[in-house]
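Protein chains in written order, with the working numbering: chain R, 1 to 448; chain S, 449 to 698.
Hint data in this document are derived by calculation from the structure and do not stem from the laboratory.
Everything numeric in this text was worked out from a predicted model, so none of it was measured.
Using N, Cα and C, we set each Cβ at its ideal position, and we do this for glycine too.
Worth double-checking, as some hints may not be accurate.
Where chain S lies over chain R, by a calculated footprint (3+ residues, C-beta under 8 Å) [what the hints assert, rightly or not]:
no., region
1, 108 to 121
2, 380 to 386
3, 389 to 395
Pairwise CB distance ranges, derived in the manner of DEER restraints [as the list claims (entries may be wrong)]:
no., chain 1, residue 1, chain 2, residue 2, range
4, S, SER462, R, GLU48, 50 to 56 Å
5, S, GLU592, R, GLU205, 40 to 46 Å
6, R, LYS163, S, ARG555, 40 to 46 Å
7, R, SER349, S, LYS630, 28 to 34 Å
8, S, GLU592, R, ALA204, 34 to 40 Å
9, R, GLU338, S, ASP627, 41 to 47 Å
10, R, GLU205, S, THR504, 53 to 59 Å
11, S, GLY641, R, LYS163, 53 to 59 Å
12, S, GLU642, R, ARG290, 38 to 44 Å
13, R, GLU380, S, GLU451, 27 to 33 Å
14, S, GLY688, R, LYS368, 56 to 62 Å
15, R, GLU393, S, LYS580, 32 to 38 Å
16, S, ARG555, R, GLU380, 50 to 56 Å
17, S, GLU592, R, ARG332, 41 to 47 Å
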Amino acid sequence: MSDEQRFLDRLAERNAQRGDEPTWIAARRQAGAARFEALGFPHRRVEEWKYTDVRDIARNDFVLTENADFSPATAAALTLPLDAHRLTFVDGVFAPALSDLGSLPEGVQVLPLSRALEENHEAVGGPLGRLTGVDFSSFAALNTAFMEEGAVVRLAPRTVVDKPIVLQFLSRAGEQDVMSHPRILVEAGGRSEATLIEHHVGEAEAANFTNLVEEIILERGAILTHYKLQEAPLKDRHIASIHVEQARDSRYVSFNLNLGGGLVRNDLVSELNGEGAEAIYNGLFYGQGRQHVDNHTLVNHNAPRTFSRENYKGILDDRAHGVFNGKVIVKRDSQQIEAEQSNANLLLSDRAEIDTKPELEIYADDVKCAHGATTGQLDEEAIYALRTRGIDEQTARGLLTLAFAGEVMDRVDLDAVSERVELAVAGKLPERFNLAGLVETASAFSEE
Amino acid sequence: MLEVKDLHVTVEGSEILKGLNLTIGAGEVHALMGPNGAGKSTLSAVIAGKDGYEVTSGSITFEGRDVLEMEIEERAQAGLLLGFQYPVEIPGVKNIYLLKAALNAQRAARGEDEIPAPEFMKLVKEKVGFMKMDASFLQRAVNEGFSGGEKKRNEILQMLVLQPKLAMLDEIDSGLDIDAMKVVADGVNSLRGEDKGILLVTHYQRLLDYIVPDHVHVLVDGRIVKSGDADLARELESRGYDWVVEDSAA
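From just these sequences and the hints, can you work out the full model?
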């Protein structure tokens, strides 16, 4: 039996258990399955997947689960300490007990996908799949075939959400490796404003597969800050396809922060469709052991006077492998656009590897575009300077590694997120030197 | 406290120090002078532990410990501190991080607890004020975008916080205007003490008007060829180095 057939058999089992569902969902499910079957899992001969081998996913026999049981104490330890509107999913299954939507302001909807479908499936069916169709990739097709849970976030025009909206995905350790195919739909009305935090985390021994599809629609003047804090267990596989459609004067700020996962692939695509639309991509990926982290980004400047700024930082230790592929396409007649892209990588070990590829395709003549990629090691002169002050070598390396991440992290204005990243990166350093204490002191001083 | 005996050092195959002897006792300020290329900076770099210097023979001991057997950070923790001629910029590492990490590393090496935050802040504020630096320097990345004079002040600030037993200052006067020189000299003078030593490495006598040394040594071609008191420095200022070089060759 082929790898693909095994997944299709799981789908057939699942479909047999399902009750009636709207015909459009059944039809898309079928289209997804057919497309997945035709495409098959991506092979490394395909340019888009040249550096990322997905056999660890394809050859595994993942099961689906329907229970969301999770130790509340463990969940509490994993949850970001933030006053937030929160939806929690355990291996893709909605967990009401770990969610908190008590005080949503007027004009804001945050719903599990299943509930949004129950309430008004047609309202979901319109936008769902419009940005990420089954042709995008085998994984998007697979997600469409299996979709049943996830989140729908809707903001009425001019709504400013008071607190961050957190979508928390917990990965659970168990006897069998589980797969989930969450689907996220965000519709932000004109001039609305919100912060969305997508947090992937779990039990250390978990080895599951998350295959996420996320569609974000920003109407005119809407502003969304989107944190994706991916600190999945180190054996988890994580595939995410994120599409953002931006109308005139909208602003999308992404913090794509990847610390965890054994096999990780993010596809982030923006469609800048109206003048004044702006996409800001901040990325950080940290890999250790044999982690593989692949970030593919694509910004389509479809309209004149659209702006994109992208800065991705990679830190790779041990035998970790990072991939960065950033593409910017300026369509014909998209004049006076500005696009900047940079990717800097830090290799902490001789055996770590980075493949970085910036790509620009410009079909307009009045544009300002710049891109660059660098790869280096820690500055040995700086390490020596720190050691001559009595700081041991490991700590010196840790401080400089944190400093490298700092350029992206300085822009994070949510302490709960930046502390998580700082401590995760520093905590992975052997014999770390109470960096948390140093952070406290530095901030205490500046507050005086 | 510091004893350097018959030290021979090669860099990339060529011998720079050719049998250097130097003893610094507690409470003493020594100035090491000499023409360019004599090996002045090599001595302090070898004592601090910089890579790329091969000690082919001789010894360095500090308070009875074999310095050449110690890690770079152990030397600093033991109280041997080098102030750089060209302080390195360390982007992204705040000055205050560096000061606290360094101070706590030293305390940990002595078996002491970390310094309590309020005590640390008080100490740092006092020293920043003494060096006539703005407190905003603490929140800036180490030496990043600092002028030459600011970098040198920052080196001395680190010394004041860490209170080395033996401070080695490599060309600390280079690139300083007269006002900055006075501030730096005041900083260095405040490091003097009965149980402390200072080694000033300098090309010019100017600095020694502000920090008066107990002993002056002239290094020529890898060896100390003449030693004396502060008067020797003044003589070098008026007569240059040539006569010492000629005397030593004779």
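Now for the hints, and whether the structure bears them out:
1. 108 to 121: violated (count 0)
2. 380 to 386: holds (count 6)
3. 389 to 395: holds (count 6)
4. S:SER462 <-> R:GLU48: 50 to 56 Å: holds (54 Å)
5. S:GLU592 <-> R:GLU205: 40 to 46 Å: Hint holds: Cβ distance 42 Å, inside 40 to 46 Å.
6. R:LYS163 <-> S:ARG555: 40 to 46 Å: holds (42 Å)
7. R:SER349 <-> S:LYS630: 28 to 34 Å: This hint is violated: roughly 48 Å between Cβ atoms.
8. S:GLU592 <-> R:ALA204: 34 to 40 Å: Given about 38 Å between the Cβ atoms, the range holds.
9. R:GLU338 <-> S:ASP627: 41 to 47 Å: For GLU338 of chain R and ASP627 of chain S the Cβ distance comes to about 44 Å; the hint holds.
10. R:GLU205 <-> S:THR504: 53 to 59 Å: holds (54 Å)
11. S:GLY641 <-> R:LYS163: 53 to 59 Å: About 56 Å separates the Cβ atoms of GLY641 of chain S and LYS163 of chain R, which means 53 to 59 Å holds.
12. S:GLU642 <-> R:ARG290: 38 to 44 Å: The hint (38 to 44 Å, Cβ to Cβ) is violated, given that GLU642 of chain S and ARG290 of chain R are roughly 57 Å apart.
13. R:GLU380 <-> S:GLU451: 27 to 33 Å: Given a distance of about 30 Å, which is inside 27 to 33 Å, the answer is holds.
14. S:GLY688 <-> R:LYS368: 56 to 62 Å: Because 57 Å falls inside the window, the suggested range holds.
15. R:GLU393 <-> S:LYS580: 32 to 38 Å: holds (33 Å)
16. S:ARG555 <-> R:GLU380: 50 to 56 Å: This hint is violated: roughly 26 Å between Cβ atoms.
17. S:GLU592 <-> R:ARG332: 41 to 47 Å: holds (43 Å)
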